[in-house]
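Line by line, the protein sequences give chains Z and V.
Each residue of the first sequence is one higher than the one before, counting from 16 in this note's numbering.
Each residue of the second sequence is one higher than the one before, counting from 8 in this note's numbering.
It should be emphasised that the hints constitute simulated quantities derived from the structure, not laboratory data.
The model shown is predicted, which means the values in this text are computed figures rather than measured ones.
Among the hints, erroneous ones may be present.
Partial chain V-side listing against chain Z, Cβ under 10 Å, derived [what the hints assert, rightly or not]:
| # | residue |
| --- | --- |
| 1 | Phe76 |
| 2 | Pro77 |
| 3 | His80 |
| 4 | Asn84 |
| 5 | Phe97 |
As a list, the in silico DSS-like pairs of lysine-lysine whose alpha-carbon atoms are at most 27 Å apart [what the hints assert, rightly or not]:
| # | chain 1 | residue 1 | chain 2 | residue 2 |
| --- | --- | --- | --- | --- |
| 6 | V | Lys16 | Z | Lys52 |
| 7 | Z | Lys65 | V | Lys64 |
| 8 | Z | Lys65 | Z | Lys82 |
| 9 | V | Lys64 | Z | Lys113 |
| 10 | V | Lys16 | Z | Lys113 |
| 11 | V | Lys16 | Z | Lys41 |
Using N, Cα and C, we set each Cβ at its ideal position, and we do this for glycine too.
The primary structure of each chain is shown beneath.
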Amino acid sequence: QQPVQSPQAVILREGEDAVINCSSSKALYSVHWYRQKHGEAPVFLMILLKGGEQKGHDKISASFNEKKQQSSLYLTASQLSYSGTYFCGTERAFGNEKLTFGTGTRLTIIP
Amino acid sequence: DSGVTQTPKHLITATGQRVTLRCSPRSGDLSVYWYQQSLDQGLQFLIQYYNGEERAKGNILERFSAQQFPDLHSELNLSSLELGDSALYFCASSPRLAGVLEQFFGPGTRLTVL
């Protein structure tokens, strides 16, 4: 079942913060985050495993709440280069061998 | 550049026709995944191959088929094409079979069915 992402779209000014959420109705083993710029391929950001581990990558970090089956992606002090569509991909179990992606969140950063 | 190559970059064809999309994974990667992305839609998983064998299937239509060859490149065959098949088709690869692996996406093939 496809995870639900919110918001669907957000517009921020450079330097502002954003939070993108990804929720699943099923138990998850891991959540993957990707960013796709218009006309380009998705690019991997990070993977979070069940256990609530929080990860960071430059000014982008994420958390995974196993009890709620929800992951959140945090973008702080956003830069113009952060613009794009963010997808979460969920993995139901180790070795499940496929990711189910959400419908995406379109982030636009304006100067 | 992810190291994954896809050809052709663009493909324009007519309804009812058959096309083949090609993907070469990163050097050393054994897993290949195919995804379909329609306009303003998310990534829909189609099928996965590992070292030549089919490992997982998603919402792949019966008109579509794929295979992975001994040199690990993969082909996605789309037949009896319909207007609704117009989409961006991505191939991705990862090093091992499964479990907490990032996928490296190719640049995609944009298919337009007229």
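How the hints compare with the structure:
Here the hint on V/Phe76 is broken, as its CB sits about 20 Å from the closest CB of chain Z, past 10 Å. Interface hint at V/Pro77: violated, since its Cβ lies 21 Å from the closest Cβ of chain Z, which is beyond the 10 Å cut-off. With a cut of 10 Å, the hint placing V/His80 at the interface with chain Z is violated, because the nearest CB-to-CB distance is about 17 Å. Nearest Cβ of chain Z to the Cβ of V/Asn84: about 20 Å, over the 10 Å cut. The hint is violated.
At its closest, the beta carbon of V/Phe97 sits 6 Å from a beta carbon of chain Z; the interface hint therefore holds under the 10 Å criterion. The straight-line distance between the Cα atoms of V/Lys16 and Z/Lys52 is roughly 17 Å, inside the 27 Å bound, and the hint therefore holds. The suggested pairing of Z/Lys65 with V/Lys64 holds, with an alpha-carbon distance near 24 Å, which does not exceed 27 Å. Distance restraint check for Z/Lys65 and Z/Lys82: the Cα-Cα separation of roughly 9 Å lies within the 27 Å cut-off, and the hinted pair is therefore satisfied.
Distance check on the hinted pair: V/Lys64 and Z/Lys113 sit about 8 Å apart at the alpha-carbon level, within 27 Å; holds. The straight-line distance between the Cα atoms of V/Lys16 and Z/Lys113 is roughly 25 Å, inside the 27 Å bound, and the hint therefore holds. Proposed proximity of V/Lys16 and Z/Lys41 is contradicted: the alpha carbons are some 36 Å apart, above 27 Å.
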